[in-house]
Amino acid sequence: MNLDPDPRAEEFRAEVRAWLDTNLPDPPLPSVNTAAGFAAHRDWERKLAGARLAAVSWPRRYGGRDAPLAQWLVFEEEYYRAGGPVRVGQNGLFLLAPTLFAHGTDEQRDAILPPMATAEQVWAQAWSEPGAGSDLAAIRSAAVRTDGGWLLRGQKTWSSRAAFADRAFGLFRSEPGAERHRGLTYLMFDLRAPGVTVRPIAQLDGEPGFAEIFLDDVFVPDTDVIGAPGDGWRVAMSTASHERGLSLRSPGRFLAAADRLFRLWQRTAAASGSHSGSALGERVADAWIGARAYQLHTFGTVAVLADGGTLGAESSLGKVFWSQLDVSICETALDLLGPRAEVLGRPVPDGDWAGSYLFSLAGPIYAGTNEIQRSVIAERLLGLPR
Amino acid sequence: MRFAVTAEQRQFGAALHGLLADADVAAAARAWATGDHEPGLAIWRELAKLGVTALTVPESFGGLGAEPVDLVVACEELGHHPLPGPIAESIAAVPHVLTTVATAGSAGATGSAAGLAADWLAALASGDLVATLALPPLLPYALDADAAGLVLLADGTALWQATPQARLESADRARRLFEVRPDQPLAPWADTEPALRQAAGYGTLASAALLLGAGRGLLEASTGYAKTREQFGRPVGAFQAVKHALADTAIGLEFARPLLYAAAIALGAGATSTARDISAARVACAQAARHAARVALQVHGAIGYTLECDISLWLAKIRSLSCTWGSQSEHRAVVLAALGQDGAGPWN
Chain A
491 MNLDPDPRAE
501 EFRAEVRAWL
511 DTNLPDPPLP
521 SVNTAAGFAA
531 HRDWERKLAG
541 ARLAAVSWPR
551 RYGGRDAPLA
561 QWLVFEEEYY
571 RAGGPVRVGQ
581 NGLFLLAPTL
591 FAHGTDEQRD
601 AILPPMATAE
611 QVWAQAWSEP
621 GAGSDLAAIR
631 SAAVRTDGGW
641 LLRGQKTWSS
651 RAAFADRAFG
661 LFRSEPGAER
671 HRGLTYLMFD
681 LRAPGVTVRP
691 IAQLDGEPGF
701 AEIFLDDVFV
711 PDTDVIGAPG
721 DGWRVAMSTA
731 SHERGLSLRS
741 PGRFLAAADR
751 LFRLWQRTAA
761 ASGSHSGSAL
771 GERVADAWIG
781 ARAYQLHTFG
791 TVAVLADGGT
801 LGAESSLGKV
811 FWSQLDVSIC
821 ETALDLLGPR
831 AEVLGRPVPD
841 GDWAGSYLFS
851 LAGPIYAGTN
861 EIQRSVIAER
871 LLGLPR
Chain B
443 MRFAVTAEQR
453 QFGAALHGLL
463 ADADVAAAAR
473 AWATGDHEPG
483 LAIWRELAKL
493 GVTALTVPES
503 FGGLGAEPVD
513 LVVACEELGH
523 HPLPGPIAES
533 IAAVPHVLTT
543 VATAGSAGAT
553 GSAAGLAADW
563 LAALASGDLV
573 ATLALPPLLP
583 YALDADAAGL
593 VLLADGTALW
603 QATPQARLES
613 ADRARRLFEV
623 RPDQPLAPWA
633 DTEPALRQAA
643 GYGTLASAAL
653 LLGAGRGLLE
663 ASTGYAKTRE
673 QFGRPVGAFQ
683 AVKHALADTA
693 IGLEFARPLL
703 YAAAIALGAG
713 ATSTARDISA
723 ARVACAQAAR
733 HAARVALQVH
743 GAIGYTLECD
753 ISLWLAKIRS
763 LSCTWGSQSE
773 HRAVVLAALG
783 QDGAGPWN
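These protein sequence lines are chains A and B, in that order.
Residue numbering for the first sequence follows the numbering used here, beginning at 491 and increasing consecutively.
Residue numbering for the second sequence follows the numbering used here, beginning at 443 and increasing consecutively.
Pulled out of the complex, with its shape left as it was, chain B reads as follows (with noise of 0.2 Å):
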């Protein structure tokens, strides 16, 4: 046993982190609420020739086939900055989906179907594709879809290539909503419903991974404003009720993040506990980072009340992400029901 990133997990994480900070996500993702996706698209872009795009498109595809932990390093550095955009959708869960399709063109999905989804594939890796999913009742939108080139829709008739309808708001500016219509069948939906719940395992680490990243991303800026910000002739981080509150949010995060490792690797393994694992890992996480924005907005006060300030941004997203890919509830019953399954001793 080796519970520790190596060393080459955490230079990527580090690359990415680098090319975020020195790119103005806050701009791109203020941009893209207005339906400007240009600057957040460039980002992708970036981040593609990085590999961060292709992490889970099989190597036969023209991606890295890469393990899960590395998607897990890629997306909490996405959330700690907080790039907009279908991350878990077109990163982690869409090319599952599509490596199923593609490579069981014999199992049902029609010849076409597999040539797009291979083509699909590769633009994906490339970075030139962004895609979204549709996936009720989890997901009963799709995410993004107006600047994704693919919208993808599953709704347990058929996977289906989708059209975009009406937008509904998001709480979160920057991400963008759509009802969606089916359009043309890809697959029956007893050929992908397998690989489906797969790539929702996939989309719902994702998830964990950026609200840890975004919880991170807002305990930094909570640390820097309360060294900075004066009252009372100090720096009102030097007061115990502040300093305690940090404490907490870092304690959260801390424990939180091993949750997310664990279930990465579970993952990759294909170990039994996988959904007992990402649950896990998603409470956790999920928990971590709604406390994070507690505390971040009370430690900025009134200034953090404004979309103004940059710590809007993760506000906003980690309320509206901390409620898809499954409620704290059902993911807490996943435990509960694995837990009953295999007991819940550490010998198991």
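In isolation and in its complexed conformation, chain A is listed as follows (with noise of 0.2 Å):
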């Protein structure tokens, strides 16, 4: 048992660090929930895939690098020491490609990912409907067989990144009459296809980082089914365990804000000696304790993936420790700034504090709220009745 550095892992860092020290823009792209920041984004995504940094855990031939996992965790931590722009592809890097690689065929694999790794493509992702949120068996957007396709009709919602991307994945009801996750297909489709009607929602913030989209039989075909028409539960349950587990969230982007806060600290409550600087610096200790907890979980949990282990409801106790460590961080950095809490923006040199503190609120909720989740841990790793 070690935590020694590998040497290709350290070697990877300082390309990976020199390489965002002299292409990070500057000064920050703007919203990524604007058409014209999303554009912005969407070049520097290409930028990244150009060094082949997009994706460095996919094979060469999809524009990764073949990097065991511990590399993917080091590119993280670089990427958010750095304060790199929101990953405008996220949905498609970290949900839709795990499914592919596990569930798709060749053909799809390689006309999706390099696309998607270039970020030419960016995906959406399509679970919730407005009557299947936490029961998201409850799904009734059906998907009516036709020549050669199928044709969608419903709605769904919640849709990250659905008013400006191309494409969306999610579930579809195939078989009339089929209850709960029985009958259930994994479809893609293009947002821009007829019979797509995509109405963006401002979220607290105001802007619309997600979407309702209706669908009025729109055209799918059988290419774009991922797996066996009415095996979608399985296949999708694969891509909900990355989404909680090891992808989605990486223990840089939270070692990172812990940092971000111990210098905040030190520059205010800490400076001024107060009893509540001491207060708040219990605080900002237990948000280090808690992102170097979840960073060495997931070092664990590599060495699991890496003897052939596989995560299952494992992912649930991770889902639920980095969303509270992220509301917990965020709620101490708005204590330390006090009135300056308030201002959006950029009023601190340690980041957009108020921005940081809305959007950690979501993760209790997205992916699964953590209730769901924690009926998971009970019910499968504590054999709790049902």
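Hints are computed from structural coordinates only; laboratory data are not their basis.
Any given hint might turn out to be false.
Cβ-to-Cβ under 10 Å is the rule here; a few derived chain B residues that face chain A [what the hints assert, rightly or not]:
| # | residue |
| --- | --- |
| 1 | Q451 |
| 2 | Q453 |
| 3 | S568 |
| 4 | L661 |
| 5 | V684 |
| 6 | S721 |
| 7 | L781 |
DEER-style ranges, computed between Cβ atoms [said to hold, decoys possible]:
| # | chain 1 | residue 1 | chain 2 | residue 2 | range |
| --- | --- | --- | --- | --- | --- |
| 8 | B | R761 | A | P549 | 49 to 59 Å |
| 9 | B | I745 | A | S818 | 32 to 42 Å |
| 10 | B | I745 | A | E665 | 46 to 56 Å |
| 11 | B | A457 | A | E500 | 35 to 45 Å |
| 12 | B | G743 | A | S818 | 26 to 36 Å |
| 13 | A | M727 | B | I745 | 34 to 44 Å |
| 14 | A | P517 | B | A779 | 48 to 58 Å |
For glycine and all other residues, C-beta sits at the position ideal for the given N, C-alpha and C.
Put the complex together from the two separate chains, hints included.
This is the structure:
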């Protein structure tokens, strides 16, 4: 048992750090949830892909480097350390791509992954429906058989990035009358196809980070089904477990946030030497301890995966942990900033805490609410009765 | 990098679990609380056969000279059950102090002190000797001095062999606390201070492992109880309020454990981050254990509030142990000071 840095990973760290130092956009890109900002983030992704940094753990033929998970973690640490832009392609990179690797065909991978890596095609997720949020298996949007494919009918909602993205993926009821997780099919569709209406929804910060999608007999060819028709639930759960687990929330993000929080504390409360400075200091220490715990836990998960193990319900433990950690890091920052905490943008050098705080509040909700996760932990890991 | 316990370490933990599950640890803890140490010491002697008491004694003094990770594996199991006795003192801290005395005879310890220390180390390793330590202000009292064949005191002037004085009642009845009086000097302060700091690190790490193990014990007891205790015609574990509380306990323990093992690795490697890592582990393990204790009591309800129920043994242990070997605030201050020195990023 050891924590010795892998020399190859550290060599890679130096490369990533140098590349980011040279190439990071300055001034920072405009918000990804505007048309101009979305385009700027697309350009940034193309640049990242040009350096083969967009998806380092992917095979080379799709634009990756065949790098082991440990190197992907290093990339993430450096990316967040440098304060890199939001990854506009993250729905595709971290949710759809793992599903394609597990369940897609070679043709699908060849067609979809390279433009995903360069953000030539940006993906939105289309899981939830008005009547199917936490209860995802209550999906009613239908896929109706037609010549050479399917016609999609219904409504999806809370679709991240759908306001500006190109394509989307989600589950559809393909067997009329089938109940719950039976008779669902995993499909990909074009957000600009005839019959698609996208209605952006303003989030708490006023920006359209997600959207509603109305589908009125939208044609999807058979080649855009992932896995077998009717087997969509099983296929999707492999994605959902990625979303909860390793791939969506890398430890680098929280370590970088804890680092920024520590520096904010040093400059403000600690410098004043006040009693509240020391009380807030305890929360700053807890923030770092939590981020470090999450990093180390991920190292443990990497060891499990390296031994051929898989992540099942265990990923729910991490989802609750990181989402709570994120909120508490941001709340501590707000308390350190006092009256400046309400100012949007970057009134302090250590980041947009007001914006981070709002974003952190979504964490306990998306990717399965923390209440659903706790029930999963209790029933599947602790064996408590349903 | 490979951050996973080895198969051998897993087997060691499983062997200890097997031994302790077969022994009546709860009865031994209750006897210990009345001053009858024999059942508890009998279990210590069984553990000694598996090498537990020899882990941190160097091979040159008859021990195993094992890695701190092995110590953590063992202490997690001893807390899991929960064994009475001065575990963090006798198994983790004292061997370090004595090793310094035994090997640094030239540096001020009297020749006889070095010889005594060597003999004590061998006796600790074999399980014939149980030792305890007062280290004010960190440890103002000597735990279980009435069960220990050797009582040490390090008081800022010297390292002493000490004599127990008045006994104080602990909130944990199975922890018997004693004031001590210095008796024979073993080494001058200047010669032992670095070793004492190191010993405190070992003791703190062991206490964190004991706390994590105790939290695990409570989670298992509470989950088991919630599956069988019925109210409103169904097991109480079927209610979401109960499920979610136990899930939070599981999360706390799950994310404290990696900090514990990382601290053990740092200590073994003599890393500059050792103090930070031990304190971080201790904060997280104590917090997770306290949460486990609150939830366990709540899930058990009134039966959990009785001395008769075995969870009382863990509840008392966690309450006391989480306040010794440094408070939560003191350990957070250590973490902050280290971050100020080295930065807070993963890249440091």
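### Message
Are any of the numbered hints broken by this structure? If so, which, sorted upward?
### Response
Violated hints (numbers, rising): 2, 3, 14; every other hint is consistent with the structure.
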